[in-house]
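In case you want the letters, here they are:
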Amino acid sequence: GAVVSQHPSRVICKSGTSVKIECRSLDFQATTMFWYRQFPKQSLMLMATSNEGSKATYEQGVEKDKFLINHASLTLSTLTVTSAHPEDSSFYICSARGTGPNRGTQYFGPGTRLTVL
Amino acid sequence: ILNVEQSPQSLHVQEGDSTNFTCSFPSSNFYALHWYRWETAKSPEALFVMTLNGDEKKKGRISATLNTKEGYSYLYIKGSQPEDSATYLCAFRYGGSQGNLIFGKGTKLSVKP
Numbered sequence: 001g002a003v004v005s006q007h008p009s010r011v012i013c014k015s016g017t018s019v020k021i022e023c024r025s026l027d028f029q030a031t032t033m034f035w036y037r038q039f040p041k042q043s044l045m046l047m048a049t050s051n052e053g054s055k056a057t058y059e060q061g062v063e064k065d066k067f068l069i070n071h072a073s074l075t076l077s078t079l080t081v082t083s084a085h086p087e088d089s090s091f092y093i094c095s096a097r098g099t100g101p102n103r104g105t106q107y108f109g110p111g112t113r114l115t116v117l
Numbered sequence: 001i002l003n004v005e006q007s008p009q010s011l012h013v014q015e016g017d018s019t020n021f022t023c024s025f026p027s028s029n030f031y032a033l034h035w036y037r038w039e040t041a042k043s044p045e046a047l048f049v050m051t052l053n054g055d056e057k058k059k060g061r062i063s064a065t066l067n068t069k070e071g072y073s074y075l076y077i078k079g080s081q082p083e084d085s086a087t088y089l090c091a092f093r094y095g096g097s098q099g100n101l102i103f104g105k106g107t108k109l110s111v112k113p
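If you're matching them up, the sequences are chains A and B in order.
Quick note: the first sequence uses my numbering, first residue 1, plus one each step.
Quick note: the second sequence uses my numbering, first residue 1, plus one each step.
Rather than coming from a laboratory, the hints here were simulated on the basis of the structure.
Glycine included, every Cβ here is placed at the ideal spot set by N, Cα and C.
Please note that a few of the clues may not be correct.
Think about it this way: if two alpha-carbon atoms lie no more than 25 angstroms apart in a straight line, the pair counts; the simulated DSS-like pairs of lysine-lysine are [claimed, not checked]:
1. Lys41(A) - Lys108(B)
2. Lys41(A) - Lys42(B)
3. Lys58(B) - Lys112(B)
4. Lys105(B) - Lys69(B)
5. Lys42(B) - Lys108(B)
6. Lys69(B) - Lys41(A)
7. Lys112(B) - Lys42(B)
8. Lys57(B) - Lys69(B)
9. Lys112(B) - Lys41(A)
10. Lys57(B) - Lys42(B)
11. Lys20(A) - Lys42(B)
12. Lys20(A) - Lys66(A)
13. Lys59(B) - Lys78(B)
14. Lys112(B) - Lys69(B)
15. Lys69(B) - Lys42(B)
For each label pair, taking beta carbons as the anchor points, the in silico distance ranges come out as [said to hold, decoys possible]:
16. Glu87(A) - Glu45(B): 42 to 50 angstroms
17. Phe39(A) - Lys42(B): 14 to 22 angstroms
18. Met45(A) - Ser28(B): 38 to 46 angstroms
19. Gly61(A) - Gly54(B): 34 to 42 angstroms
20. Ser18(A) - Gly54(B): 28 to 36 angstroms
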């Protein structure tokens, strides 16, 4: 099956720093990538959708200037949490949707646990 | 607000037991229902995508049914094994193939040897 990698798997940072998370589709081209966030005991919540080469579409309540998304190629999307604060501590997980046989199916990365001190 | 409910929240069974979970979703504007299996520290793995009312799908000891008119899906595991221990997520896709996925909180299954 299709594989999506995510890096890093875990990051601890000081308040005020920026953190970049990478999401890669390893064996297929992902025209669309999704970024989700999960708080403890809650469901995965969609933050934004990005299409290769265009600006991301953010869900209501998600600050686009704080969560910068770049989808520069068909295999890579990055999420940068700028000036992170303790309330940004969460589990971030990306998902990629492909073309052809992979069209319509979303494949997930393993997620990134962010802890902001 | 679209809401997907899963029950129970967690489940502990003995090896060999059969078990089932429920996913409830809005019955309007339905496009597809997805089931994922999510082991700790791994990526959620797609189990089933179901689109038609009355659909039944099977993968080994795991099967799922779908009722779009009343808005529920059941996931069954026959003869649970310790390796079945995981969180099972369902997600509702609405509005078409490009619609977003709305996730439930998952059912965490623990199978004791």
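Results of checking the hints against the structure:
no.: 1; hint: Lys41(A) - Lys108(B); result: 11 angstroms, holds
no.: 2; hint: Lys41(A) - Lys42(B); result: 18 angstroms, holds
no.: 3; hint: Lys58(B) - Lys112(B); result: 23 angstroms, holds
no.: 4; hint: Lys105(B) - Lys69(B); result: 22 angstroms, holds
no.: 5; hint: Lys42(B) - Lys108(B); result: 15 angstroms, holds
no.: 6; hint: Lys69(B) - Lys41(A); result: 29 angstroms, violated
no.: 7; hint: Lys112(B) - Lys42(B); result: 20 angstroms, holds
no.: 8; hint: Lys57(B) - Lys69(B); result: 18 angstroms, holds
no.: 9; hint: Lys112(B) - Lys41(A); result: 23 angstroms, holds
no.: 10; hint: Lys57(B) - Lys42(B); result: 24 angstroms, holds
no.: 11; hint: Lys20(A) - Lys42(B); result: 20 angstroms, holds
no.: 12; hint: Lys20(A) - Lys66(A); result: 12 angstroms, holds
no.: 13; hint: Lys59(B) - Lys78(B); result: 11 angstroms, holds
no.: 14; hint: Lys112(B) - Lys69(B); result: 36 angstroms, violated
no.: 15; hint: Lys69(B) - Lys42(B); result: 34 angstroms, violated
no.: 16; hint: Glu87(A) - Glu45(B): 42 to 50 angstroms; result: 30 angstroms, violated
no.: 17; hint: Phe39(A) - Lys42(B): 14 to 22 angstroms; result: 20 angstroms, holds
no.: 18; hint: Met45(A) - Ser28(B): 38 to 46 angstroms; result: 21 angstroms, violated
no.: 19; hint: Gly61(A) - Gly54(B): 34 to 42 angstroms; result: 37 angstroms, holds
no.: 20; hint: Ser18(A) - Gly54(B): 28 to 36 angstroms; result: 50 angstroms, violated
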